[in-house]
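Asker: Now for the letters of each chain:
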Amino acid sequence: MDLILVNLIDGLVTGLLLFMLSAGLTLIFSMMGVLNFAHASFYMLGAYFAYQISLYLGFWMGLLIAPVIVGIAGAGVERYGLRRVHQYGHVPELIFTFGLALLIEEIVQFIWGKNQMPYSPPEILQFTLFSIAGNAIPAYKIFMICMSMGIFISLLFVLTRTRVGMVIQAALSYPKTVEALGHNVPLVFMGVFGVGTALAGVAGVIAGPVLGTFPGMAFLLGSIVFVTIVIGGLGSLWGALVASLLIGWITTFAASYNVAMADILMAVGFEQPIDLSESAWRDLWSLTLPQIGPILPYLLMVLILVFRPYGLFGKRDV
Amino acid sequence: MTQALHKSTHAPQGGITLASAMPWIISTVVLLVIPFVFTSNSAITIMNQMAITIIFALAYNMLLGQGGMLSFGHAVYMGVGGFMCVHVMNYVEDYSLPLPLPLLPVFGGLFGLGLATIVGSFSTRKAGTVFAMISLGVGELIAACSVIIVVFFGGEEGVSGDRTYGLPFFGVEFLHQIEVYYLIVFWLILSALLMYLFSRTPVGRMANAVRDNPERAEFLGYSARWVRFFSFCASGFFCGVAGGLFAINYEILTEENLNLVQSGSILLITFLGGVGFFFGPIIGAIVFTLLSTVLSLQTELWQLYVGALFLATVMYFPGGLAGVIMMHWPAFRLGNARMLVLPYIKTFIPCLIGILGTAALIEMIFHLRHGAVGDEEMTLFWTTFNVHAVLPWLIAIAITGAAFWLTRRNIPEVVDAWHRANSLPGAAT
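Chains as they are written, first to last, in our numbering: chain F, 1 to 318; chain E, 1001 to 1429.
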């Protein structure tokens, strides 16, 4: 029971972190129909910028400034890169963001090198908040949860309760009409792209100290973020939230419960071969849940795409 | 890119003419003769790699260029075909079956085809983003499986075989690189020809139609889905052939042959070469292999340059290198190509110097930041200097700046010459 609680908290942290990335990505997709492959790269940039700033001004200034820089960089990419490629169609846009992801990783390696950066949580949060049956829950984890929750609520508020949010929502469905009403739709697009990448930047700032700040961090998370928004339904904010939490919990639970395939097979009634190394099915016998944990999201995504291409909450086809 | 895609190869109507067969004859002769020109072992290794990449890139372009489907997990088909070939190789060796080595890629192809049939049955329902996402998911799935299913993929260390098994094939035992080279060239020509002919069949032509306007193709009575499915299967087959050749050439396959990095680089190669023309991926594969071997010997930062080149291609030349070459075709036809030579020289030489200067500055910054302590000397473009001195920086910045200024100044001249070269004599511009 206690282990379940600990895993629930861990999964929540992972899930909410994923959500901060997928929220921006799904917003950008529903606006421009572009899946931004480089989204996780902005997350990485957030972590690196925050690390660099924290060397001089401390963690909190990093948390404040780094997302802004990332957002500006993102808006710049939209204005000078994507808008130009847009005329060639959707496939080149995808390819463009893919190339951008490669380039950002190389640039990060160029500036900061290949090693992990010594980026750590601030002193003030380095204590154990409480412990569940001997498992210490660091305060930083709770801080991450509060932070992501706060962002989600404010995002929801801005999107549904303010004038800006109304314009954005309208521009999602009828960009031409909104433009005719006198709103600057390209500017709205640029803004949404900037805010989306800034959100990814925030995620990077708070995840960098725990998950490690190294050039491979974007690659590690990048494809999972895609999986998330596809499962949740492209363009749906709620879907992104549900799918993020789902994936967070699935991967956390799969990693911590050592269910072996051999036990299941024996329970069903199969006999374990005595000499495993000769059997062609030896992989099946030695399979465990933590082993297949990392591929569960992909499996889920392929199944979702095959059987319900709208995703869990999506309204339109991908 | 749609523009480049629309301009796809124009099929000469009717049978085979000498003119249409000429590129094939010339390239065959070149491929046969080239080992006598570059005899060193390393050159042959590079050429082997190039030939395999060409087959893979051509197969990839069957989807991307001809079918308009963007796959993010295509290394899987090549990799799985290769793994299968290594297993066949080992199996044949263990039971001493009479299977000559040159036939091995067929097995790779068939296995690639089988996998593509399974995956394609659900992934080709939609083009565009859905297809890209499913291909990414399946690619990641199979790549991750390579660590789990150790029987087939061999886990971390991969599986390896021995190509010199069994009986010699007409006295050739495939001990030397050069023998493998001719085997690969045989398969290269065969599969390139087959892929070209595929693009001429009704299915191949319909693939273009479905790419450009699936709705209209459906109204004409063709099922867009089946057309995509056939392209996908054919592409899977040739990827498997490439994988089989990879297995023969390197005798080992690992997880690296399946992962996203490999899938990404084939996309990069194909796009760099140009997706709008059949020969685009060939150029891409040649240029990329040369770039990666030559640049990676010269500098640690080669991936940065390749990435920048790729991004520049997507943004400014969506037709790729082939598109740039074919852009000049009308000028040649009009006999005006000479008009372009001088302005090109005047603009592109400073531009090249500017790019090299930028690269030099990047290298200097990199050395300054990451060089070992006390190691202040670096060698760049055959000159050795102290990075911590001011003078080299001033020189580099001055040369780069001047080169770009000159380029910018000459651009109107190029544009002007371009317009003149592409207009009929006497026509008002």
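One should not assume that every hint holds.
Straight-line Cα separation of at most 25 Å, SDA-like style, residue types lysine to any residue; simulated pairs [to be verified]:
| hint | chain 1 | residue 1 | chain 2 | residue 2 |
| --- | --- | --- | --- | --- |
| 1 | F | K176 | E | R1338 |
| 2 | F | K176 | E | G1128 |
| 3 | F | K114 | E | Q1303 |
These are computed hints drawn from the structure, not numbers from a lab.
Nothing here was measured: the structure is a model prediction, and the numbers come from that model.
Asker: Against which earlier hints does the structure fall short, listed by number upward?
Answerer: 1
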